[in-house]
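Asker: Sequence lines, in order, name chains W and Y.
Once you know that position 159 of the first sequence is 159 in our numbering, the rest is easy, because the numbers rise by one and skip nothing.
Once you know that position 156 of the second sequence is 156 in our numbering, the rest is easy, because the numbers rise by one and skip nothing.
If you are wondering where the hints come from, they were derived from the structure by calculation, not from laboratory data.
Where is the CB? At the ideal position from N, CA and C, for every residue including glycine.
Errors might be hidden in some of the hints.
Claimed, not checked - Quick list of in silico lysine-lysine cross-link-like pairs, DSSO-like style, CA-CA up to 30 Å:
#, chain 1, residue 1, chain 2, residue 2
1, Y, K142, W, K215
2, W, K206, Y, K114
3, Y, K120, W, K206
4, W, K216, Y, K114
Said to hold, decoys possible - Derived Cβ-Cβ restraints for the label pairs, each shown as a range:
#, chain 1, residue 1, chain 2, residue 2, range
5, Y, K187, W, L237, 55 to 63 Å
6, W, L193, Y, E66, 39 to 47 Å
7, W, V249, Y, K142, 50 to 58 Å
8, W, K184, Y, H239, 26 to 34 Å
9, Y, D77, W, L27, 47 to 55 Å
10, Y, E66, W, T8, 47 to 55 Å
11, W, S224, Y, R129, 54 to 62 Å
12, Y, G134, W, L27, 35 to 43 Å
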Amino acid sequence: MIEEPFSTGNSIIHCLDPRVKIIVVTLFSVIVAVSSRFLSLLPALGISLFLVVMAKLPIKRVFYRLLLVNGLILFLWFVLPFTYNGQELFAIGPFIATKEGILLASQITIKSNAILLSMIALLSTTPIFSLGHAMGQLYFPDKITHLFLFTFRYIHVIYKEYRRLINAMKMRGFVPRTNIHTYKSYAYLVGMLLVRSYDRAERIHKAMRCRGFNKKYHSLTQFSFKMEDIFCLSLMLALISGLAVLQWVVTT
Amino acid sequence: MGRNNLIINLTDLSFSYSADKPVLDNLSFHLHRGDRIGLVGPNGSGKTTLFHIILGLLKPCSGTVELFGRQAKQEKDFREARKRIGLLFQDPDDQLFSPTVLEDVAFGPLNLGKSTGEAKDIALNTLARLNLYGFADRITYKLSGGEKRLVSLATVLAMDPEVLLLDEPTNGLDEETEERITDILRKLELSYIFISHNFDFLSKTTDRIYAMSKGKISPDEAMAPHSHVHIHKSGTIPHKHIS
């Protein structure tokens, strides 16, 4: 099951309007992703750390989530410094590490962690369904919003179906091994899941049509801006603009 | 019964998924206002297919569907009819797709053009009618099997239909939930067709039971549920009969 352990809470961040969170995360990620100066990247990391602290999330679980991404980044550190052309810094046998390579690797590390932390602080503190409705109200295309909501709703059903099939296989003595029989059985399993999901999608669509669905998804949820929302939005927009200034305007 | 009371009028319907095996074979069938009909038949005899054709989810190969005195051919015709005929699907997971129970029950009314406030009221009232207090904010995929069935019934009833088509409503329910559904359905003053393999349930909720076989429904073979009185010694002592 997919759980949303961070989505419940009562910190300031949890109470923010999901629309504010989506806007802030989008702008923040874009600015950080295109920044190339430590002068703006380091404050960005600071801002996202601050957001995580404000959201009062369990530090240990946040750390585990970061670990996943930084595992990938570790590989960059093995490769980038030794393959990038530039000024030699040190050498391990035939491999020469360059200053530019190391700087680039550090930039990527800071960028990914800053973006990821801001998403953990802002997006994972919102229930997925609220995010979907907020997307709808921010005039995201209907198709994307529906896709997002339905994917989340039916991943549970598909997962249960998968468990059922796996259990049925186990009950009949299936033990995965490295042989053709195993690969074939897994292929059948995946194929069966695809076919069943397709059938289910058709049935759901039929059920929705029976209840008068006409390509427009109405929602009961109505968001309203509170004073806190306006304050946080202005503050974050100011900070993000600050990052942009540090990146493009300030001369060193 | 007069023609005005004819709600569903199916004439000479034929349907097949593959050419060699027809599912419906020149089937004709009527439902009048106030009719409470049970439909039995072996698996794969086309009962669900029939429901889906009535609501325009499947197109018949030949034959006509007349709903509320008007022939229904286009999606547009069926769209109107779907507001008045409620269909309960076999699998509640097909029906419940919204995050919370309240939103799912309000989905139909919102589609009918009700305002958010009205839809919410309708949804809450319908839940109360089915004794589903405190369910509004429950998460749909975390409900138990029986709860899912009751909630999906609520989603259909929230649209205030004149006719109900229920596809195996008691399938996989425990006795208590089955009784609860039976009670709810008996109190409804609607016309309906129930597909079920459960004779006990049908005898409590319907007036007539039709059997479907070989793609046809034969009205001559209609069964009327009834009970018999029997007599034996010590009959006044409460007892049970086994087998």
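Asker: So, against the hints stated earlier in the document, which numbers end up violated here?
Answerer: Of the numbered hints given earlier, those the structure breaks are 8, 11, listed in rising order.
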